[in-house]
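Undergrad: What follows is each chain in one-letter form.
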Amino acid sequence: MTAHNASDLPRISDRLAKNALRNVSERIIEAILFAAAAVSVLTTIGIVYVLVSESIHFFAQVSIVDFLTDTQWTPLFDDAHFGIMVLVSGTLVSSFVALAVAIPMGTIIAIYLSEFANPKVREIAKPVLELLGGIPTIVFGYFALLIVTPVLQKIFPELPGFSLLSAGLVMGIMIVPYVASLSEDAMRAVPMSLREGAFAMGSTRLYTALHVVVPAAFSGLAASYILGISRAVGETMILAVAAGMQPNLTWNPMEPAATITSYIVQVALGDLPHGSIGYQTIFAAGLTLLLITLCFNILGQWLRRKFRENY
Amino acid sequence: KIDGSSTVYPITEAVAEEFQKAKKNAIKVTVGISGTGGGFKKFCRDETDLSNASRPITAKEMEDCKAAGVEYIEMPVAYDALTVVINPKNSFLKQATVDELKTLWEPAAQGKVMKWNQVNPAWPDAPVKLFGAGADSGTFEYFTEAIVGKAKSSRGDYTASEDDNVLVQGVSRDVNAIGYFGYAYYAENMARLKGLPIVNPKTGKAVEPSGANVENGSYVPLSRPIFVYVKVKSLQKPEVKEFVEFYMKSADKLVREVKYVPLPQSAYDFNLKHVKDMKKGTVFGGKNEVGITIEELMKREAKL
Amino acid sequence: MQPLTTEQIRAVIARGKAKDAIFQAVGILCLAIGLLVIFLLVGDMVIRGAARLNLDFFTQFASRRAAQAGILSAWVGSLLVMLVTACAAVPLGVAAGLYLEEYAKRNLVTEIIEINITNLAAVPSIVYGLLALGIFVYAFGFGQSILTAGLTLALLILPIVIVATREAIRAIPGMIREGSMAVGATRWQTCRYHIIPYAMPGILTGVIIGLARAIGETAPIITIGALTFIAFLPPLPFTETTEGSAGLFEWLMSPFTVMPIQIFNWTSRPDPAFEVNAAAAGFVLMAMVLTMNGLAIWLRYRMRKNIKW
Amino acid sequence: MQIHDKPALKAEARSFNFFYGEVQALKNINMPIYDKKVTALIGPSGCGKSTYLRSFNRMHDLYPGNRYEGEIRFHPDNTNLLSPEVDPIEVRMRVGMVFQKPNPFPKTIYENVAYGLRVRGERNKRVLDDKVEHALKGAAIWGEVKDRLQDLAPNLSGGQQQRLCIARALATDPELLLFDEPTSALDPIATGAIEELVHELKKRVTILIVTHNMQQAARVSDYTAYMYLGEMIEFGKTDEIFIKPQDKRTEDYITGRHG
Amino acid sequence: MQIHDKPALKAEARSFNFFYGEVQALKNINMPIYDKKVTALIGPSGCGKSTYLRSFNRMHDLYPGNRYEGEIRFHPDNTNLLSPEVDPIEVRMRVGMVFQKPNPFPKTIYENVAYGLRVRGERNKRVLDDKVEHALKGAAIWGEVKDRLQDLAPNLSGGQQQRLCIARALATDPELLLFDEPTSALDPIATGAIEELVHELKKRVTILIVTHNMQQAARVSDYTAYMYLGEMIEFGKTDEIFIKPQDKRTEDYITGRHG
Ligand SMILES: Nc1ncnc2c1ncn2[C@@H]1O[C@H](COP(=O)(O)OP(=O)(O)OP(=O)(O)O)[C@@H](O)[C@H]1O
Ligand SMILES: Nc1ncnc2c1ncn2[C@@H]1O[C@H](COP(=O)(O)OP(=O)(O)OP(=O)(O)O)[C@@H](O)[C@H]1O
Ligand SMILES: [Mg+2]
Ligand SMILES: [Mg+2]
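In order, the protein sequence lines correspond to chains Z, V, C, S and H.
Residue numbering for the first sequence follows the working numbering, starting at 80 and increasing by one per position.
Residue numbering for the second sequence follows the working numbering, starting at 2 and increasing by one per position.
Residue numbering for the third sequence follows the working numbering, starting at 717 and increasing by one per position.
Residue numbering for the fourth sequence follows the working numbering, starting at 2 and increasing by one per position.
Residue numbering for the fifth sequence follows the working numbering, starting at 2 and increasing by one per position.
It is possible that part of the hints are untrue.
Said to hold, decoys possible - Counterexamples of contact, computed for chain C against chain H with all Cβ distances above 12 Å:
1. Lys821
2. Ile892
3. Tyr1017
To be verified - Below 30 Å or equal to it, Euclidean Cα-Cα: the simulated DSSO-like pairs (lysine-lysine) are:
4. C:Lys733 - Z:Lys199
5. C:Lys1021 - H:Lys238
6. V:Lys2 - Z:Lys233
7. C:Lys733 - S:Lys249
Said to hold, decoys possible - Covered, in the sense of this in silico footprint (three residues per stretch, anywhere, with C-beta under 8 Å from a C-beta of chain Z), are these stretches of chain C:
8. 764-776
9. 794-805
10. 915-927
Worth flagging that the hints you see were computed from the coordinates, not collected in a lab.
Ideal placement from N, C-alpha and C gives every residue a C-beta, glycine not left out.
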């Protein structure tokens, strides 16, 4: 019972007491890390502040009802109309076209890479595909205008030189790698044991992929789709170049139209005096854009929560 | 430090390049493109030394400058001729009058005038495809003022772009297209486009868009002077002063090179004289005017 | 009901396999379309830009004469902006990721931060441009400088870095954490000696993917108003300039231009000769992105080799 | 009676070798599997039990670089399961498997059990309902889930999940059922339920079960095989193996002188 | 002699309860841990062995929502390890732990062992070298690794890794060593080496070991505690527990009537 002599005792007890210095430094580090995490919140606050504070001036002059219901968007003209739906329609139609390409194509590529292709193909194809995301979008814009549009005009002779269709298609191609790469990650996170279970039942690869892997990875897939949607809604240069910048309330992808983003760059590049109502419209438009992406995001969060990975 | 209109940018850029070369890169010049409005905003906030402008300063901007204590000298540097262009395969359009263009472009035409024969019965029953400058550009403002008679008053259902190459593409691909943009873009793409002669309202003669016609003042109303504004305070800096002098001396050659139409040399000399005499202010009094000639401008008395 | 006969089973299997084969073909086709577009675009840029792809192109400033114009200020600008972006985004992103994975308790604040990050990842880049214009350019008075552009793009890629960091941290088995804590390490010591080093390959991949995206961004930089003719380089630290000696960080406040802006500028020139320049510059930009991606793959491979559990 | 002593053969490994790439994991295995009996595979960790078990439904085909040598004959039709001409999918349709960790699909309970039938192209709702009920009853879980067939399977408890996985395997009437340590992730009560179930099932199907628990092997199996470092050391009736092992290594293992 | 029968106390659980959130995982545990002895914890899966073991070095503090009640007294200084005033980090510095699966850090062998010392702020190269060598010798692995101290630890074999983890724990001279099924992932030979090591180590430190292998408990421990559903059913000298368990449940478990 004398393994430790008496003089040891208080020392050991001391050691067990909380070490104040260490505690303080841990707290400080935690505070610093928290501050870093909070930067993202500040960014959001900053974005909302900048958009709202300028938009307030705008809405002081234009009623929200007009903003939402007017069917013309001519803020810079003598006879000014501020019907945001015109831009929203262009944004939604072009995004829809893009997603009609990107979601199926991205998902198919993801399934193929994660369930069919051998690992070498995957290791090479994925980064190469991601290069698509690295091409400056202005290059895509000219690709749409100079190559895709003429090809499409062969198929649809009545297609005008600028259209949401060709801009949307190219935008879709641009988004494919985002969707494919994120979906593939989500599918590969599905544990092998589930796949083995399915194969042990005698299912084929495709059946396993569609009936077991995809449902299991659904929340990840949803996340990738949501990101794809935000990319489409927020894409600027392709639309500015190839979609025609014509404020046109239309739901027909075969027509040219302006989108929220293309309007914003147009004004940002233009000769408009700051402080004028025309200039404030870009903040109102930006706010609308933010709200649209926010809606999709909330939808996405909800989907994710509903289909949280349950394996 | 220079900022402002994209229309004036090529000229100023050329000058800046030559100037730096001449000074062996000892002096740094930056040229930005924020648009005439954006340029003036910075100019009147005392952020830039020179401002490129494709239109005269407005009353509001004059006030801003005054509030910030910024004084300036206005210097016309070149003509910009707006060119109305059509597809080279277009066979029926030989010329157009201002009135015809007005019928086509005025706000009342929106959604109504969709066929060529609605403008002129002699023209065919074919759809009109319109291309034009973005609504926040000086080009747009000037075109509407010159043609429709009221600045910014235009129909909205046309393909607008800040990027004039996009317009070039659009017009060159569609037989029924008509569009307008700066002369330089037409000059570089003569193979793909046809410039539409415009009937001079005074003489009644159709005038082709060309350097010579602009210079001799017969291409009206679609030619306009473009400007550089220099801050009086900055002229005390030797490098700014030198730059302005260099600008005026080499303007004739460089303006030609970037496919704009130079002013007569006398106008440049006149500008330099203004600088020497510190003749501050604008001669426009805050309003834009159409079809004004450089000789008229030189006669006017500038006001702040 | 009878069990299926062997023939029936074989028929079912054959059908299933046929579907497999069809899908596989469709998959390859989709992949091929994607790759084809890349090759088309890159090939087109190479062919059209070939004439200008020589050393002069990299060492000359922009010029009004297409044949003399180079991308010196643009590529230097791009690299410097990326440097600022990386220096801002990496510590912030890694710290935020660490906090969320290793420190945060499940509560409302954490929840808000997390939802907020997913939302930010989806905010259109042009909106960041508007933010930067209001905050960095005017409120902070940074002007149209390298600093403004770098910080703007840093905010833009911050969500990417945070998400990559978190994924990488999550891949570290809990037993490593427990092993470290069990010998008496504090949380921060565990992070410093283990979590951060082991997560590094994943973090780097995320950072580089983020940078590759940032380097091609045009819209937010245009919104800041940085479309300029720049025929000089930012001052090197401690060199003599006309305004006196440059400090260590003088270059941060220098005006700049970047590759996508230069390309944008050239594509909107009236003179078609500039299109060649634009193509060549586009190719250079692609090559930069490619190099970055390659670097990411190589680094990941190199570092993974030393980390296994 | 002779017939009782040596029942019909269901399958048989003959000079079977298995390689993970360059590494030989199984060495010259010869072993019979008797029809409608439970055969237990025991042995220290890493000795190749799972590897052997998974050869019976060609699970190794899913990963590149694996190689079989020798034969596993399947009766009554005397097919060589390992032959390249034999379609692994067909093999898997005849041989069911239950894994160490329960792995229900992220679908409803009903869909989990119906999965194998759907894979076989069954569309008739009545037939499906019937078979699902039958399989769930066979796995002794019907009572617990009959009112919640549309609930998601991953919400069940571990033991229930494992029985669901057994039901899933049973639904397609396999001839041979493979169990890889089916109870190692379960609590004692769930374990008891599964053991009882195995006992029930052998009336209908042949069972091959891997376990690291010798008591379990003794309780549930008719035959036991002891493996060590990829080799089959000893095979025999369970009573005999446990009472009087022939090989020193088996004895050491059974009496617990090994890990 | 009395002193031999009842050796000094090293630690002692007193009315100890533990909760994972709302779920009570340990119920009113009272148990002594004797100095320089090996105490084995046995019991069916899920009974709370690991939970109990991990309370000794406050591992549960790492996760939110866990709650201790009662005391674990640590001797000779009679500190309550669970008291909120006691710094868990200090506790962990005095109580070492070895896990089920060897978890060496993906660093060099040297760095793995030196880690605990570095965490304590030791920078002196000589001291580090010394202590690392000493610890590796203590874990009976010095001979195998002395020429490759700069190799990456994960390249060692499983058994070596586990001994390295023991060396890592030993390097900081803990007073109590916790082992959570240290051999369950190892082959028989490695298992033997670890068991021998445990035997060696008890000359220097007190050991608390969880095992699911009763033979192992019988071989290595001086005292054995049987746990069931979060309760401590029986505690006593190993010989007595195995030969003549007092409780029916212990007997059932030892004779293998449970999972
Ligand atoms: N995918 C693989 N690639 C290479 N070697 C493998 C692979 N899977 C298993 N092995 C090796 O094959 C041998 C047999 O492994 P197996 O999983 O069959 O053992 P086991 O008897 O099932 O062990 P346990 O009781 O731990 O489940 C082991 O040495 C293992 O390391
Ligand atoms: N993090 C946790 N949260 C909630 N419950 C837990 C947690 N970890 C363990 N449990 C539960 O506490 C009980 C005791 O678990 P513990 O891991 O201590 O068992 P064990 O005796 O070590 O089992 P094994 O032999 O399988 O390791 C189990 O019912 C388990 O499900
Ligand atoms: Mg196994
Ligand atoms: Mg345990």
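Undergrad: Let me make sure I understand: some of the numbered hints might not hold for this structure. Which ones are they, in numerical order?
TA: 1, 2, 5, 6, 7, 8, 9 and 10
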